[in-house]
Every structure is written in C-alpha cells, then in structure tokens.
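Respectively, the protein sequence lines represent chains W and B.
Under the numbering used here, read the first sequence as residues 1 to 216, first letter to last.
Under the numbering used here, read the second sequence as residues 1 to 216, first letter to last.
Check each hint, because a few of them may be wrong.
Intra- or inter-copy, both count: the list cannot distinguish identical chains.
Stated by the list, open to error - When the alpha-carbon atoms are kept at most 27 Å apart in a straight line, the in silico BS3-like pairs for lysine-lysine are as follows:
1) Lys14 - Lys90
2) Lys177 - Lys211
3) Lys14 - Lys102
4) Lys112 - Lys90
5) Lys177 - Lys102
6) Lys90 - Lys102
7) Lys2 - Lys102
8) Lys112 - Lys211
9) Lys14 - Lys2
10) Lys102 - Lys211
11) Lys90 - Lys211
12) Lys14 - Lys177
13) Lys90 - Lys177
14) Lys177 - Lys2
15) Lys90 - Lys2
16) Lys102 - Lys112
Quick caveat, the hints were computed from the structure, so don't treat them as lab data.
Now for the letters of each chain:
There are 2 protein chains.
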Amino acid sequence: MKRFTYDDIMAMVKEDRLHFINAVPGFKSANLIGTKDLNNCYNLAVFSSVIHLGSHPPYLGFVTRPTTVPRHTLDNILNTAYYTINHIHKDFYPSAHQTSAKYERGESEFDKVGLTPEPMSSIAVPYVQEASVKIGMEYVERHHITANDTLLVVGRIIEILIQESIIQDDHAIDLDKAGTVAISGIEGYHQTHLLDQLGYAQPGDPIPEPKQKGNE
Amino acid sequence: MKRFTYDDIMAMVKEDRLHFINAVPGFKSANLIGTKDLNNCYNLAVFSSVIHLGSHPPYLGFVTRPTTVPRHTLDNILNTAYYTINHIHKDFYPSAHQTSAKYERGESEFDKVGLTPEPMSSIAVPYVQEASVKIGMEYVERHHITANDTLLVVGRIIEILIQESIIQDDHAIDLDKAGTVAISGIEGYHQTHLLDQLGYAQPGDPIPEPKQKGNE
Chain W
1 MKRFTYDDIM
11 AMVKEDRLHF
21 INAVPGFKSA
31 NLIGTKDLNN
41 CYNLAVFSSV
51 IHLGSHPPYL
61 GFVTRPTTVP
71 RHTLDNILNT
81 AYYTINHIHK
91 DFYPSAHQTS
101 AKYERGESEF
111 DKVGLTPEPM
121 SSIAVPYVQE
131 ASVKIGMEYV
141 ERHHITANDT
151 LLVVGRIIEI
161 LIQESIIQDD
171 HAIDLDKAGT
181 VAISGIEGYH
191 QTHLLDQLGY
201 AQPGDPIPEP
211 KQKGNE
Chain B
1 MKRFTYDDIM
11 AMVKEDRLHF
21 INAVPGFKSA
31 NLIGTKDLNN
41 CYNLAVFSSV
51 IHLGSHPPYL
61 GFVTRPTTVP
71 RHTLDNILNT
81 AYYTINHIHK
91 DFYPSAHQTS
101 AKYERGESEF
111 DKVGLTPEPM
121 SSIAVPYVQE
131 ASVKIGMEYV
141 ERHHITANDT
151 LLVVGRIIEI
161 LIQESIIQDD
171 HAIDLDKAGT
181 VAISGIEGYH
191 QTHLLDQLGY
201 AQPGDPIPEP
211 KQKGNE
C-alpha cells in the first residue's frame, strides 16, 4: 500500500489533489439541481453531493460552497425556497456534466446543454423532463461548515415523480433499470450492476458468500 | 410518471418508506468506519453517507443519528477523536453489511463478521486490512440538523493508504479496479463500470455523445 500523509496531500499539485481527494470517499450520487432566479430564468447545475438525511419526514441534503460556482443554485434556493433534484441518466450524462461550465447569470443551462425544462403546477421550479427520477424540494435550513467554509443545504421532499416500472415490490428503486449513473472523483461517470440485495442484519445471521458479476 | 406527494410518503408503511426514500438521492458511497472504545474494543460499522467536503485542506463528512444505532461509532469518535474510513470491496460486502446488526457494546464487529483489524502506529484506531482504500481521520466538528435530529460529523484526512496500482496518472482513483461498491437504498450493493471520464467543462464546449456499456 502507498501511504499519503496530510502533508503529502497538501503539497500536491492542485489538479491532482482535486482528482484524488474527490475520489477517496467512494461513489457519489449524480444529480442535476433545477432552480429559478428572480427574473424567472431557469438554472441547472450538476451536483455529486446529494445525500439522504432522513425518511420520516423525508429530507435530503447537499453541499455547496457559498463563495464559488455554482453559487447561482444557492442564491436561487434562498430567494425562492424551492428546487428540484433530477437523477442523471446514462443517456444524457455529457449534457449534465456540461452544466458545470461557468455560464453567465441570465443564461439558462437548460438551453446551453440541450435538456428540457419541465414546469409543473405543483412546484415553482423546473424539473428535467428527460430524468426518470425527479424530486421536488422545499428549503429547510443550512449549516455552515466552518472548517472549510462550505454549506450543507437541507430540504424537505414535497413530491417525487418517478417511472412506475422502476419501483420494486418492496418500494426500493431499481437504480440500474432507472439508468441512474454514479460519479467518481470530479468527472468519472459509471454505469452500475446490482450484485446483491441483502436483508436486515441481526447478530448471529450467517454471512452469505459475495456474488460476483458474471457468475450469478 | 407516478407522483408521490409528501402526504403519500408520510402515509407509507415504514419499511416501504425506508426503501423508497433511501434510494431517491441515487447511488451512495459504501464504507466501513473503524473506531475504538475507551476499553480498547474495536468497533466497525457500515455507512452509506460518507461525502467529500473539501480538498484543501482535505475534509470528509458523514451523517449519523445521535440517538439510534450505530451510536457506538459516534461515541467512540467523540471519546478518542480518531476514526478510519475503509472502502467496501465487492469481495467482502456481505461481511460489511453484517456490521449493521445490533451487537452489544464490548463485542467487536471485526470478530463477528470476519474482517481483520489492522492497527497502525500512525493512528490510534484500526483499519480494515482487506480494504484497498483506507483513510485515517481526525474529528473536527459536528453539526446538528435540527429538522430531523441527525448529525453531520466533519473530519480531517490525516493519511490515506491505497493500492498504488489503482491511482491513475491524473491522481484520480480507478474505483472500478479498486473493487469499491456503490450502495442503493438500504441494502443494494452494486458493482460499477466506467462509462466515461469527462474534462473540465467550459461554455461553448461541444457536448460528446453518451457512451454506452457494450459499444465502446
């Protein structure tokens, strides 16, 4: 094993460090956050930091920097209180990634990258029409992570729009079938393949053999 | 598309809601957090909420509930200030999942699930010997998410131990080659396949066609 100390990491070339440290937590969710500014211009931005915070009531979080791009998303959420979270599909991940380019305020990433805004009467901000899982969110609170000046933005799920065929009998979502991708580092997009769906673990349970792709 | 409102979600059977809402953010990182209690008993717990917070300095976060299992992890971190984050590999994900069983305080999950604690002189808590990516962490701060009584625990990376063969030339980590799995919902374990590694996006860049598994 190669060992990198804190000092080794801090001494890395910036680009190398970004690639390396963004990959060390493992796979990340791949979502587009849709918002609207006060002039009704639609904004769309790729985020790999959307996380589950709770199910009852249903809360999701995401991390952003208050002082750097994509600040449009944060400003819009604080101004309007609403946003949408849309799964990035393997058929449009290059368009999703292109939303990370620094477009000017007033330019809509929907137009620039060729994705379709889908307004709904139930929420004042646009969904991504092409997405197979779309989540309507209401802003709840934010937490300032003082250690490195980032923000955790917390929101409540107000509705979920989803292709019915990808909901399993136990209400788990078949994310392989959904075409949802996973992100590694800052620019790796991965397709997935379910190895196994395990059950609720209790002490004394026998531990099954790991399944391997190709020998199921 | 099927629509679930907030009220529909709140009215679901608890198990269904857990499966559903845990899957809506998309794929999650799959890690084992290693800690030590004040009696030097090693603890190991599966977490799907480890996220990147910053690269310079390098910070990671994870989410836990202060009042429910796996509280041993949180107690130990607050008592000792150190913990390890270890990628879950496709060869041992069933053992990793079994750490979610409610073992008694004083029972080490390492023993119960058959993973090997790897003490190092550089940090006072154990790594998982079988992991191909291991991260040594020092506790920094925590944030109480009042909306649903969860905690975001923030830590600083003090060292990274990693198989040298999975580090790419640009210092991104080849997570497919690492054997790192992704989690969906509360019990789905997925193997991955890189579709594409995109570059830094700038306005005006042409948007490439999406690559598909099988026709590369």
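### Query
Are the CA atoms of Lys177 and Lys102 at most 27 Å apart within a copy, between copies, both, or neither?
Intra 32 Å, inter 32 Å, cutoff 27 Å: neither.
### Query
For Lys102 vs Lys211, is the C-alpha pair at or below 27 Å within one copy, between two copies, both, or neither?
So Lys102 and Lys211 pass the 27 Å test across copies only (24 Å; inside, 43 Å).
### Query
Between the shortest in-copy and the shortest cross-copy C-alpha distance, which are at most 27 Å for Lys2 and Lys102: within, between, both, or neither?
Classified as neither: same-chain Cα gap 36 Å, cross-chain 34 Å, threshold 27 Å.
### Message
As a check of your reading, is Lys90 near Lys211 (CA-CA no more than 27 Å) within one copy, between copies, both or neither?
### Response
Result: close both inside a copy and across copies, 24 Å intra and 8 Å inter.
### Query
How do Lys90 and Lys102 come out at 27 Å by Cα distance, when the copy is not named: within, between, both, or neither?
within (23 Å within a copy, 37 Å between copies)
### Message
At most 27 Å between alpha carbons: which applies to Lys177 and Lys211, within, between, both or neither?
### Response
both (19 Å within a copy, 17 Å between copies)
### Lys14 and Lys2: within-copy, between-copy, both or neither at 27 Å Cα
within (20 Å within a copy, 44 Å between copies)
### Query
Is it within, between, both, or neither for Lys14 and Lys102, if the alpha carbons may be no more than 27 Å apart?
The answer is within: 19 Å in one copy meets 27 Å, while 42 Å across copies does not.
### Task
Have a look at Lys14 and Lys90 and pick one of within, between, both or neither, based on CA distance no larger than 27 Å.
Neither: 29 Å inside a chain and 31 Å across chains, both beyond 27 Å.
### Task
Indicate which option fits the pair Lys112, Lys211 if close means a Cα-Cα distance not exceeding 27 Å: within, between, both or neither.
between (43 Å within a copy, 20 Å between copies)
### Task
State whether the alpha carbon distance between Lys90 and Lys2 is at most 27 Å within one copy, between copies, both, or neither.
between (33 Å within a copy, 21 Å between copies)
### Task
With 27 Å as the alpha-carbon cut-off, assign the pair Lys177 and Lys2 to within, between, both or neither.
Classified as between; 16 Å across copies, 37 Å inside a copy.
In summary, the structure is inconsistent with hints 1, 5 and 7 from the numbered list given earlier, while agreeing with the others.
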